[in-house]
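J.: Residues per chain, in single letters:
There are 4 protein chains.
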Amino acid sequence: MKKDIKKIVLAYSGGLDTSVMIQWLKENYDNPEIIAVSGDVGQADELEGLEEKALKTGASKFYALDLKDAFVEDIIFPCLKANAVYENVYLLGTAFARPIIGKGLVDIAIQEGADAICHGCTGKGNDQVRFELAIKAFAPDMHIIAPWRTWELKSRDDEIEYAEKHNIPLKINRETNYSKDKNVWHLSHEGLDLEDPMNEPKYDDILEMGVTPENAPDVPTYIELEFEKGIPVALDGKKMKGQDLLLALNEVGGKNGIGIIDMVENRLVGMKSRGVYETPGGTILYKAHELLETITLDKDTQHFKQHVGIKFGELLYNGLWFTPLREALSAFADKTSETVNGTVKLKLYKGNITSAGISSPDTLYSEQIASFGEDDSYDQNDSAGFINLFGLPIKVKAMQDAKKQK
Amino acid sequence: MKKDIKKIVLAYSGGLDTSVMIQWLKENYDNPEIIAVSGDVGQADELEGLEEKALKTGASKFYALDLKDAFVEDIIFPCLKANAVYENVYLLGTAFARPIIGKGLVDIAIQEGADAICHGCTGKGNDQVRFELAIKAFAPDMHIIAPWRTWELKSRDDEIEYAEKHNIPLKINRETNYSKDKNVWHLSHEGLDLEDPMNEPKYDDILEMGVTPENAPDVPTYIELEFEKGIPVALDGKKMKGQDLLLALNEVGGKNGIGIIDMVENRLVGMKSRGVYETPGGTILYKAHELLETITLDKDTQHFKQHVGIKFGELLYNGLWFTPLREALSAFADKTSETVNGTVKLKLYKGNITSAGISSPDTLYSEQIASFGEDDSYDQNDSAGFINLFGLPIKVKAMQDAKKQK
Amino acid sequence: MKKDIKKIVLAYSGGLDTSVMIQWLKENYDNPEIIAVSGDVGQADELEGLEEKALKTGASKFYALDLKDAFVEDIIFPCLKANAVYENVYLLGTAFARPIIGKGLVDIAIQEGADAICHGCTGKGNDQVRFELAIKAFAPDMHIIAPWRTWELKSRDDEIEYAEKHNIPLKINRETNYSKDKNVWHLSHEGLDLEDPMNEPKYDDILEMGVTPENAPDVPTYIELEFEKGIPVALDGKKMKGQDLLLALNEVGGKNGIGIIDMVENRLVGMKSRGVYETPGGTILYKAHELLETITLDKDTQHFKQHVGIKFGELLYNGLWFTPLREALSAFADKTSETVNGTVKLKLYKGNITSAGISSPDTLYSEQIASFGEDDSYDQNDSAGFINLFGLPIKVKAMQDAKKQK
Amino acid sequence: MKKDIKKIVLAYSGGLDTSVMIQWLKENYDNPEIIAVSGDVGQADELEGLEEKALKTGASKFYALDLKDAFVEDIIFPCLKANAVYENVYLLGTAFARPIIGKGLVDIAIQEGADAICHGCTGKGNDQVRFELAIKAFAPDMHIIAPWRTWELKSRDDEIEYAEKHNIPLKINRETNYSKDKNVWHLSHEGLDLEDPMNEPKYDDILEMGVTPENAPDVPTYIELEFEKGIPVALDGKKMKGQDLLLALNEVGGKNGIGIIDMVENRLVGMKSRGVYETPGGTILYKAHELLETITLDKDTQHFKQHVGIKFGELLYNGLWFTPLREALSAFADKTSETVNGTVKLKLYKGNITSAGISSPDTLYSEQIASFGEDDSYDQNDSAGFINLFGLPIKVKAMQDAKKQK
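Taken in order, these protein sequences are the chains called D, A, Z and X. Position one of the first sequence corresponds to residue 11 (my numbering), numbered consecutively onward. Position one of the second sequence corresponds to residue 11 (my numbering), numbered consecutively onward. Position one of the third sequence corresponds to residue 11 (my numbering), numbered consecutively onward. Position one of the fourth sequence corresponds to residue 11 (my numbering), numbered consecutively onward.
There may be inaccurate statements among the hints.
[Claimed, not checked] Derived lysine-lysine pairs resembling DSS-like cross-links, with alpha carbons at most 30 Å apart: (1) LYS249/A / LYS413/Z; (2) LYS192/Z / LYS190/X; (3) LYS212/D / LYS357/A; (4) LYS297/X / LYS355/Z; (5) LYS309/X / LYS212/Z; (6) LYS190/X / LYS78/X; (7) LYS413/X / LYS17/Z; (8) LYS357/X / LYS357/Z.
[Unchecked claim] Which residues of chain A face chain D? A few of them, derived with a C-beta cut under 10 Å, are: (9) GLU97; (10) VAL99; (11) THR132; (12) LYS146; (13) MET208; (14) ARG284; (15) ASP310.
[As the list claims (entries may be wrong)] Here are the simulated distance ranges between beta carbons: (16) TYR232/A / ASP215/D: 54 to 64 Å; (17) GLU174/X / ASP386/Z: 43 to 53 Å; (18) GLU377/X / ASP206/A: 49 to 59 Å; (19) LYS190/A / HIS176/Z: 53 to 63 Å; (20) PRO227/D / TYR232/A: 51 to 61 Å.
Worth flagging that the hints you see were computed from the coordinates, not collected in a lab. Fair warning: this is a prediction, and the values are worked out from it, not measured in the lab. Ideal placement from N, C-alpha and C gives every residue a C-beta, glycine not left out.
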């Protein structure tokens with residue numbers, strides 16, 4: 011254990027873990043100064059009273075970084091443009107937030123001349139990787155402290171005992187809870203009964219951003235989203251900045267039972283884990299964006315972009331945001347997004363999102379050509395030649411096979 | 011136009027198109043013998059009375075090929091194992107049926123010594139390609155006749171006039187309808203108001219295999235599916251053969267508003283088109299299979315298989331079933347399916363399919379390792395080393411960048 | 011056949027084919043005006059005397075388009091940056107030239123108000139596709155005439171007879187020859203004895219841009235190439251513009267037996283064909299560029315770029331240059347090329363290109379870290395943790411397998 | 011450090027490292043029994059006298075595993091069938107050998123009831139990963155000891171001092187040397203002056219399996235290889251088993267300066283490293299196999315297989331041989347190899363391998379169709395239709411763009 015640590019920047023949430031860590035760091039590192047830093051990516055009420063709590067539990071300073079707009083504009087929208095999804099269904103809510111918070115920690119650490127950055131992530135999860143990769147990208151030699159990987163506190167109860175023993179002033183209750191991660195894009199739930207994939211989630215206990223389809227209204231809600239270059243700019247005809255638009259979609263989506271997923275995923279650190287995710291607004295945005303792309307991207311681009319979306323999702327999930335490959339794939343996605351302009355009307359009803367109309371000044375859909383009727387731009391007889399050449403390898407193979415059998 | 015055609019096998023549906031074609035072929039090819047062939051892939055009532063109709067309108071013979079079991083076992087299930095999907099959402103219902111019907115046509119043509127095969131596909135669609143590629147695979151030199159690409163009848167009205175003029179005995183009505191394709195896996199709808207992507211589909215007029223989510227029951231239905239090597243073998247504990255299982259799922263899925271999609275797709279022949287597809291049972295099967303794979307496939311296999319599923323979907327869509335690449339990808343999928351055994355419980359409710367429990371004797375999910383608690387198989391401190399090496403390229407790049415700036 | 015054609019732009023090479031075509035077009039289209047256009051992409055001596063010949067054989071006008079710089083800067087270098095290769099070995103020489111010539115034809119056709127564009131490509135090859143796709147991209151409604159696909163002249167002898175009959179003034183000899191395509195990047199050879207893959211090429215008769223390894227000097231030549239953002243800017247310390255640099259590399263490469271390939275390739279139109287290609291300078295450039303990328307791109311980027319290079323090569327080969335996907339992939343390649351700066355020293359010897367030293371201000375190679383000795387940036391013990399997590403899926407699978415066997 | 015270790019299986023090479031390790035293990039683990047195991051994958055003379063040396067330096071037992079045939083048949087040939095290559099050029103010689111040796115170690119460890127397996131790999135390399143993943147696949151709970159990652163001996167000199175101090179009887183010389191790895195497939199060289207990519211390799215000092223092109227004969231050598239299902243079965247008409255064939259190719263390839271590569275590669279553990287590899291016979295095999303595939307695989311299969319070869323190479327390089335994905339990709343490659351039958355004639359000359367004739371009973375190359383002349387199977391006019399449909403997306407885009415500009 012590196013010893014000459016005088017000042018530590020701590021990624022601070024105000025929960026049990028990071029409160030205990032302040033004390034633990036002081037004890038285990040010769041009483042260093044602790045700078046508590048909280049990055050606001052839309053976790054809302056969780057942020058209230060943090061400064062007071064941090065100072066009371068031993069931090070010398072507290073920074074609240076307002077990262078909400080940057081989170082939406084600089085991370086979420088570029089991922090939307092790339093159709094980043096992990097393992098078909100996960101919209102990457104936790105993964106999206108980590109790089110920008112990690113960079114925020116480095117900014118403060120450099121400004122404060124800190125010797126180390128400490129985070130409260132478990133040693134079994136993805137977030138430790140995501141935070142640390144962001145730190146390495148901007149401060150490759152920064153010392154990183156991850157107490158959960160090494161300390162003697164092995165459970166929530168251990169932590170509470172430690173807190174009580176050291177008079178750490180916390181409202182403590184010994185009830186356990188799902189492990190959660192919240193931001194403007196999503197809310198995740200892990201642990202407890204969810205750890206067995208045989209258990210159906212108790213959604214009514216779990217959900218916070220919205221309701222189940224069963225509890226959603228019996229009449230549909232229609233909304234209309236406008237996109238410019240792959241980015242949503244207006245909801246129901248009203249121009250809005252990204253964050254506000256997303257909040258409005260969370261509201262309407264949550265109310266209609268949209269965007270609840272339950273999955274077993276493959277963590278980067280080698281294990282499978284199970285989580286329930288709420289992404290009401292994000293799910294609507296992805297669907298609308300995908301629909302708009304079906305009329306504004308040509309086939310070859312759409313098809314190749316499917317592979318890019320998978321790769322982009324993997325990069326994000328693995329914390330590889332600040333990397334040359336992610337940046338190059340964003341250049342690709344930016345280029346393809348130049349024509350992703352237009353309006354998508356959606357019907358939301360009890361968990362379902364249905365297209366109610368797509369239009370675009372850049373549409374590549376030609377009603378005339380698609381129609382069963384005649385048209386000038388398409389000579390049906392061209393198909394005969396097309397099929398003969400497209401099928402030539404099949405024909406040749408069949409001919410050669412026939413020759414062999416003789 | 012090739013002239014010495016004495017016997018033609020006609021892919022016969024009994025509709026206006028193929029009824030008119032019998033007469034048209036006789037007229038345009040010096041009165042050849044017409045063998046009408048109908049491949050039964052589960053289009054049900056459409057098949058009744060076909061023989062009588064065929065003979066009455068001029069065919070000399072009629073064959074009804076029962077392809078239902080082969081369709082399910084030899085085409086659908088291999089595609090399910092490969093997770094074949096086209097453009098993220100289309101479950102390939104029409105594409106699935108074409109190769110097996112095409113091969114059936116060749117079998118009869120060879121048996122009957124026919125000179126040509128005729129089909130009633132439009133020159134703008136995918137089905138002409140799919141039929142003809144299947145034909146080329148088994149009879150590379152077979153002459154193919156596709157009247158829609160060349161004849162003078164340019165619309166339904168032209169056809170009806172032609173039929174009346176030639177006393178073709180049909181129950182004719184001049185109402186137009188959506189263009190449909192039906193089989194045991196799905197029902198598709200194209201044309202009319204659907205040709206403008208701005209129009210929301212009139213689902214209540216369109217749907218036949220089920221109802222909209224709005225019209226589905228207010229209480230959920232739970233089902234349980236058992237898989238062996240990637241293939242469904244039992245529903246709610248009852249062993250069933252593939253076709254019966256699929257029919258039962260169509261029933262329960264349709265009732266619960268499952269599997270309705272509305273999409274603009276890219277046809278192989280170069281245009282975008284818009285369709286509404288009903289695939290109630292298929293959608294349930296794909297979802298269940300995907301869920302089961304999340305616990306029975308390892309990460310690397312799952313991730314690579316995403317790309318294979320896309321490719322497999324493209325091959326199917328493009329009619330490339332009887333090809334070496336499709337066969338090799340099936341060998342891949344068969345191998346990965348060896349461990350895809352187990353049971354998936356699902357909740358169906360107004361268009362939503364939700365996991366209600368997954369279990370497998372081959373599960374790779376380890377509750378012990380995934381858990382937040384301690385365990386023997388995973389040393390949390392290993393993460394530190396993992397992250398340092400996984401992040402080494404980022405660190406090196408940051409270090410080299412820093413050096414350059416000096 | 012469309013009849014009201016008054017003015018035709020003809021892609022003119024001055025060879026037998028296009029000379030005959032002038033007469034044939036006049037005869038078959040009611041004596042239209044013929045504008046002969048020749049695009050100079052470095053085919054050199056083939057271009058001399060073209061204007062005179064065109065006018066003498068019936069053209070009313072002749073345009074010589076100097077496309078050499080644009081060819082190198084706007085097509086070749088972007089492809090080099092993307093590592094575009096077709097089927098592992100083909101450096102796409104013919105494919106590179108077609109889009110830019112096709113666009114040149116459209117430019118003249120629009121300027122001249124022509125009704126049609128005519129090209130002399132065979133109906134079995136790729137070039138017809140490449141030309142026509144470029145034309146469609148800029149003049150989607152332009153009428154295209156491709157006589158080889160329809161005329162009655164089925165062989166070289168037929169053409170010569172036709173020429174003699176119509177007094178077309180040509181130096182005609184009845185010797186046949188390999189079919190060739192030449193530009194500043196390459197020279198291709200097809201036909202005759204090459205049509206049987208069993209025949210070893212008679213290289214001494216075939217080669218024009220250089221010699222065989224056997225005939226190359228017995229002592230090696232060393233050269234040094236400097237790159238900026240993925241583009242070669244200097245040879246042996248001398249800054250040169252792209253075309254001059256390429257010509258110099260052709261000279262030294264050809265002399266040393268570099269860049270001769272013999273391949274059976276898959277044409278877009280469905281058949282396999284066999285060709286011998288000379289690309290002396292291009293082969294050196296690709297090798298140097300690849301070597302430089304090994305120290306300036308990080309692993310993830312390098313690995314993903316392998317797939318991009320394959321796709322880019324397919325797009326080029328298939329004539330899909332002026333397409334959204336190609337442009338988006340170029341945006342990707344441009345981004346990755348930002349760090350591809352530095353110098354590569356190469357030894358050329360009898361067909362071999364060997365690295366003799368690579369250096370870059372943007373190198374990601376760290377001798378300190380790679381070294382077998384100790385260093386501060388890499389703690390060898392980190393590997394233990396890395397391997398445990400990287401191998402966790404293998405361990406879990408083995409554990410679950412063991413459990414099953416009990 | 012785990013302490014209750016009574017019996018250790020040591021991967022033993024007889025070199026300085028593993029000789030010192032016997033003593034070091036005894037000292038650091040309370041005098042455990044050491045079982046030395048050497049896996050023979052064709053490293054030849056390195057294996058002589060190993061048993062005596064092992065016992066003399068403290069091992070209680072010595073096993074020599076003859077893995078040569080299994081290495082060639084079970085690892086190398088399946089990789090050849092999949093075209094496994096790492097980063098375009100590396101033929102994976104070291105990576106190929108590790109899984110089979112790793113499994114051999116486990117077999118002995120289980121048979122002997124050992125508590126741990128020890129290997130002599132450095133903590134900076136790939137081989138530690140490859141060995142340990144193979145061990146985990148068959149003995150997930152086996153304790154693994156990797157002294158280089160932890161011990162106090164930081165250099166060759168430290169080791170020699172340690173050996174002298176403990177009277178370990180070795181022929182010791184203090185000269186340093188390139189780090190090498192040898193087997194029947196290849197010989198690798200790393201370290202010393204090679205650690206700087208600016209240094210041209212001193213090939214005359216380095217090469218052991220063959221000579222440089224400069225030192226190769228002035229006249230070419232012709233050879234003929236016969237393949238069955240993707241596997242070489244005969245050389246110059248003589249049927250041979252895999253290992254003998256490979257040895258014969260190493261001989262003729264090495265003599266002709268074939269298969270020398272110099273590369274900077276990306277190690278799995280995050281760093282770039284530089285190596286020189288000799289793979290004379292392997293390079294010939296890969297080239298012959300690739301040539302044969304150009305006439306026996308159809309385009310779609312060939313193109314998709316390019317991506318599979320890259321993935322397969324990455325899996326191998328990363329030690330992921332005993333994994334479900336590798337096995338599934340082998341199922342794919344086995345299927346594609348069913349038609350890879352035939353004969354390839356090659357000319358070897360000073361580092362160059364040139365095709366001198368390819369033939370196959372399963373050829374898909376049709377001289378008739380490829381020819382410039384007329385044929386019955388291909389109607390040139392089909393191209394017009396093909397191009398119109400293939401180019402339809404380009405045309406539609408151009409039309410829509412034109413409409414927008416109005």
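J.: Determine for every hint whether it applies to the structure shown.
T.: Results for each hint:
no.: 1; hint: LYS249/A / LYS413/Z; verdict: holds (27 Å)
no.: 2; hint: LYS192/Z / LYS190/X; verdict: violated (46 Å)
no.: 3; hint: LYS212/D / LYS357/A; verdict: holds (13 Å)
no.: 4; hint: LYS297/X / LYS355/Z; verdict: holds (26 Å)
no.: 5; hint: LYS309/X / LYS212/Z; verdict: holds (27 Å)
no.: 6; hint: LYS190/X / LYS78/X; verdict: holds (19 Å)
no.: 7; hint: LYS413/X / LYS17/Z; verdict: holds (25 Å)
no.: 8; hint: LYS357/X / LYS357/Z; verdict: holds (22 Å)
no.: 9; hint: GLU97; verdict: holds (7 Å)
no.: 10; hint: VAL99; verdict: holds (9 Å)
no.: 11; hint: THR132; verdict: holds (7 Å)
no.: 12; hint: LYS146; verdict: holds (5 Å)
no.: 13; hint: MET208; verdict: holds (5 Å)
no.: 14; hint: ARG284; verdict: holds (7 Å)
no.: 15; hint: ASP310; verdict: holds (9 Å)
no.: 16; hint: TYR232/A / ASP215/D: 54 to 64 Å; verdict: violated (19 Å)
no.: 17; hint: GLU174/X / ASP386/Z: 43 to 53 Å; verdict: violated (29 Å)
no.: 18; hint: GLU377/X / ASP206/A: 49 to 59 Å; verdict: holds (51 Å)
no.: 19; hint: LYS190/A / HIS176/Z: 53 to 63 Å; verdict: holds (57 Å)
no.: 20; hint: PRO227/D / TYR232/A: 51 to 61 Å; verdict: violated (24 Å)
Violated hints for the displayed structure, listed by number in ascending order: 2, 16, 17 and 20.
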